[in-house]
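Each chain, written out:
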Amino acid sequence: MSYLYVGATAETDRDALTAIGAFFSVQFALPVRKIDLPSVDFAFDARRHQYGSIPALEMVYRLCPGDAVKLLAVTERDLFIPVLTFVFGHAQLGGRAALISLARLRQEFYGLQPDLPVLLERACKEALHETGHTFGLVHCSDIGCAMALSTRVQQIDHKRAAFCPVCSRRLPAGVTI
Amino acid sequence: MKTHWRILVVDDEAVMCESLAAWLREDGYLVDTASSGCQAIDMAQAVDYAIYFVDLKMPGGMDGIETLMRIRRLRPDASIIIITAYATVDTAITAMKEGAQEYIVKPCNPEEISLLVSRIVKVKNLQRENTILRKKLTRQYRFQDVISKSAGMRAILDLATEVASLPSTVLITGDSGTGKELIARAIHFSGQRAAKPFVAVSCAALAETLLESELFGYEKGAFTGADQQKRGKFELADGGTIFLDEIGDISPKLQVDLLRVLQDRTFYRLGGSEEVRVDARVIAATHVDLQQAIAEGKFRDDLFYRLNVIEIRIPPLRDRREDVPLLAQHFVERFAHELGKDIGEISEGGLKVLMDYNWPGNVRELENAIERAMVTCRGHSLTEEDFAFLAQNGARAKGWTVPVGMSIEEMEKLLIAGTLESTNGNVKDAAGRLGIDRSTLYEKIKRYEIPR
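Chains S and R, in that order, are what the protein sequence lines are.
In terms of this note's numbering, the first sequence opens at residue 1 and continues consecutively.
In terms of this note's numbering, the second sequence opens at residue 1 and continues consecutively.
Chain S extracted, bound-state conformation:
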C-alpha cells in the first residue's frame, strides 16, 4: 500500500496539517497519512533572516517514508532560494518531496489581523500546487487553477483549491478522485 504523506515540522501549527490532511483526503484517490518532521531551523541564513528552502527540501526528501508516493511538508519558517527574495513553497518537479511555508500565508505578515480560515484556505491551495509539481505539473496559464504561478498572496486568494481540467488530465491515472 502506498500513501500520500503530509507532515509538519516541529515548529508548525498542527491546525494547518489537519486541514491539509482532510483536504488531500477529498482531493486525491490515494490514502493520506500524517507524519511529524523535525524543525528546519538548521537551514537558517543569518544574513537574510530566512530559511534556505533547498536544504530544507533535501531534509524532507531524506525523511520520505518507504511507502510514501509523495511527502508534502509544512513549515512556519519563511523560505527562500538564493536568487529570489522568498518562495511560498518548493518541490521536486516530478519527484517525491514538497514543502510549503505558512509564514507569508498569514494575514499578520502583512500587518493585518490573524484570520485562521484564510490561512488554512491558502495553505491548502499551496499544498495542492507544490504536490502538483511533484506529479510533474508545471505552472498553468489558467489563473484560477491551483497550478497557476503565485508570486503574491492575492494571486493565491484568486485561485481555486482545485486543478483545472487540463492539469487534471495531465496527472497520472488514479491520482485524483
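The hints are simulated quantities; they were obtained by calculation from the structure and are not laboratory data.
Built from N, CA and C at the ideal position, the CB exists for glycine as well.
There could be a bad hint or two in this list.
Not the full set, but computed from the structure, chain S residues with beta-carbon under 8 Å of chain R [unchecked claim]: (1) Ile54; (2) Phe80; (3) Ile81; (4) Pro82; (5) Thr85; (6) His133; (7) Val138; (8) His139; (9) Ile143; (10) Leu149; (11) Thr151; (12) Arg152; (13) Val153; (14) Arg169; (15) Arg170.
Chain S residues, not near chain R, derived (Cβ > 12 Å throughout) [unchecked claim]: (16) Ser25; (17) Phe28; (18) Phe44; (19) Ala46; (20) Asp67; (21) Ala68; (22) Glu76; (23) Glu121; (24) Leu137; (25) Gly144; (26) Ser150; (27) Asp157; (28) Ala162.
Fit chain R to the given chain S structure using the hints.
Frame of chain S, contents of chain R only:
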C-alpha cells in the same frame, strides 16, 4: 507556449544556478545550467537557447560581460539577462551597452523574474509567428530552410546551390512527399531570378485540355467560354521560373508542345496565331521513372534529354532516417504555433516509433503524422501513445494476413482501402501500386463504396 523556449542559466555558484533553473522549470521551460562562461559558450554553440541568465561575476577569465559579448556574437537573436549581487551604475550601463536585455539584482522578487521571462517569451512567440507567417505568405524558401543533416541530402543541397545561379533546366526526381517543390523553390529564390515570379503547375491535377490552356493561355474566342484573352503560366513566369510538377503524367500532345517551348522558348496561345516569346527557367519534377516510361513508349526521349540537363534525385525519408528527429521537431514547433498547443518535444518512446516507421509517404506523411498526434495529445510532449496510429499502419504494411473465410471481393476491398490510405488518398499513386488503371480503380472504389 513555453516549452519551445530553452533557457541557459550561467553562474559559478551551483546552488544559485540550480535553484533558478528549478524555479524556471516549474514554470514549464526547458532549462540547462553552465558553471562558467566557457561552458556557456560551448553549450550555446550546440543549442539555440532563447534566453540566457548570466551572472556578472564569475571567476576563470571570462566574466559575465565577456560571456554576454561572446553569446551575442554567436546568437544575436538571444535575450541575455545579467544577474548580479553587486549592482553598480557602471556595470549596469556596460551590460546594457553590450546588448543585455535586462539587468537584475539578486535576490530579486519572484514576480520580477516571472514577468521578465514571460514578457521576453511573448515577444519571441510573436517574432517566430511573424517569421512563419511571412514565409507562408511568400513561400520564399531558401536552402537554409531545408532541414536535413544526412550526408546524401547535404550533397544534393550543394548541387542545387551550384545550379541555382545557372539558367539550365533541372529535373527533380523522388518519391511523392520528399519535398521536390521545396527544392525547386530554394533553387529559384537562391538564384538570379529570385526577384521574378516562381510559378508552380501540377501537371497531374488537370486534364489535357485544361493543362494546355493553363500552361500556354488562350485568345478570346479560342473555345466556348473564352470571353477574354488569358495569359498562361509560361507567360506569368517570364523572367522567373516555371515549376512543372508531375511532368511524367503529361499527354503525348503536351509533351510535343513542351519540347517546342524548351527548344525555341516560344509558343502560341490556344486559338492564337501570334508567337509568344518567354524567358522562363524550367524546373520539372516527377516521381515516375522516366527512363522506364521512355522504354514503355509513354514519354518522349527527346523531351527527357531536354529536361534532364541537371538531375537532382531526392532520397526517400526511409533512406535518411537521421533526418526524422530533426524534421519531427521542426513540425512540432510549427504545429504548436498553428494549433495553439503547448507541446514542445517528442519523448524518447515517441521518437523510437517515428524512427522505426517506414514512411512510405515521406516527409509529407511525417508532417501529417505530427499534426494528427498534436491534435489528440494531452501532455507537453508527444509520446508513443500519440503515435499509436502509425504502429497500426506499420503492422498492417508489414504483415498483410488474410483471415480465413474472407471472400476475394472483401480482400480486394481491404487491399484497395489500405493502399489508398498509404497514398493519402492519391488514386493515381494507388493505381500504380496496385498495378491497375486509374479508371479501373475509380470503378472499384465506387463499387466497394470505399471512402477516400
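To see whether the hints hold, each was checked on the structure:
Because the smallest distance between the Cβ of Ile54 of chain S and any Cβ of chain R comes to about 6 Å, under 8 Å, the interface hint for this residue holds. Nearest Cβ of chain R to the Cβ of Phe80 of chain S: about 7 Å, under the 8 Å cut. The hint holds. Satisfaction of the interface hint for Ile81 of chain S is found here, the shortest Cβ-Cβ separation to chain R being roughly 4 Å, below the 8 Å cut-off. Interface hint status for Pro82 of chain S: upheld, as the beta-carbon distance to the closest one in chain R is roughly 5 Å, under 8 Å.
Taking 8 Å as the C-beta cut-off, the interface hint given for Thr85 of chain S holds, the closest approach to chain R being about 5 Å. For His133 of chain S, the interface hint holds, the least distance from its beta-carbon to any beta-carbon of chain R being 6 Å, beneath 8 Å. For the restraint placing Val138 of chain S at the interface with chain R, the shortest Cβ-Cβ distance is roughly 4 Å, inside the 8 Å limit, so the hint holds. About 5 Å separates the beta-carbon of His139 of chain S from the nearest beta-carbon of chain R, less than 8 Å, and the hint is met.
Evaluation of the Ile143 of chain S hint against chain R yields a violated restraint, the C-beta minimum of about 12 Å exceeding 8 Å. The interface hint given for Leu149 of chain S is met, as the beta carbon of that residue sits about 6 Å from the closest beta carbon of chain R, less than 8 Å. At a threshold of 8 Å, the smallest CB-CB gap from Thr151 of chain S to chain R is about 4 Å, leaving the interface hint in force. Look at Arg152 of chain S: its Cβ gets to within about 6 Å of chain R, closer than 8 Å, so that hint holds up.
The closest approach between the C-beta of Val153 of chain S and any C-beta of chain R is roughly 12 Å, which is over the 8 Å cut-off, so the hint fails. Interface restraint check: Arg169 of chain S against chain R, minimum CB-CB distance 5 Å, threshold 8 Å, status holds. A least Cβ separation of about 6 Å between Arg170 of chain S and chain R falls short of the 8 Å threshold, and the interface hint therefore holds. Under the 12 Å C-beta cut-off, the non-interface status given to Ser25 of chain S relative to chain R holds; the minimum distance is some 25 Å.
Interface exclusion of Phe28 of chain S from chain R stands, the closest Cβ pair being 20 Å apart, more than 12 Å. No Cβ of chain R approaches the Cβ of Phe44 of chain S within 12 Å, the least distance being about 16 Å, so the stated non-interface status holds. With a minimum CB-CB distance of about 15 Å to chain R, Ala46 of chain S clears the 12 Å threshold, and the non-interface call stands. Once the 12 Å rule is applied to beta carbons, Asp67 of chain S is consistent with being away from chain R; the minimum gap is 26 Å.
Against chain R, the non-interface label of Ala68 of chain S holds: every CB pair exceeds 12 Å, the least being about 21 Å. Chain R leaves Glu76 of chain S outside its interface by the beta-carbon criterion, the shortest separation being 20 Å against a cut-off of 12 Å. Taking the minimum C-beta to C-beta distance to chain R, about 21 Å, the non-interface status of Glu121 of chain S holds against the 12 Å cut. Once the 12 Å rule is applied to beta carbons, Leu137 of chain S is inconsistent with being away from chain R; the minimum gap is 9 Å.
At roughly 17 Å from the closest C-beta of chain R, the C-beta of Gly144 of chain S stays outside 12 Å, upholding its exclusion from the interface. Interface exclusion of Ser150 of chain S from chain R breaks down, the closest Cβ pair being 9 Å apart, not more than 12 Å. Chain R leaves Asp157 of chain S outside its interface by the beta-carbon criterion, the shortest separation being 15 Å against a cut-off of 12 Å. At roughly 18 Å, the least C-beta separation between Ala162 of chain S and chain R is larger than 12 Å, which holds for a residue marked as non-interface.
The structure fails hints 9, 13, 24, 26 (numbered hints given earlier, in ascending order).
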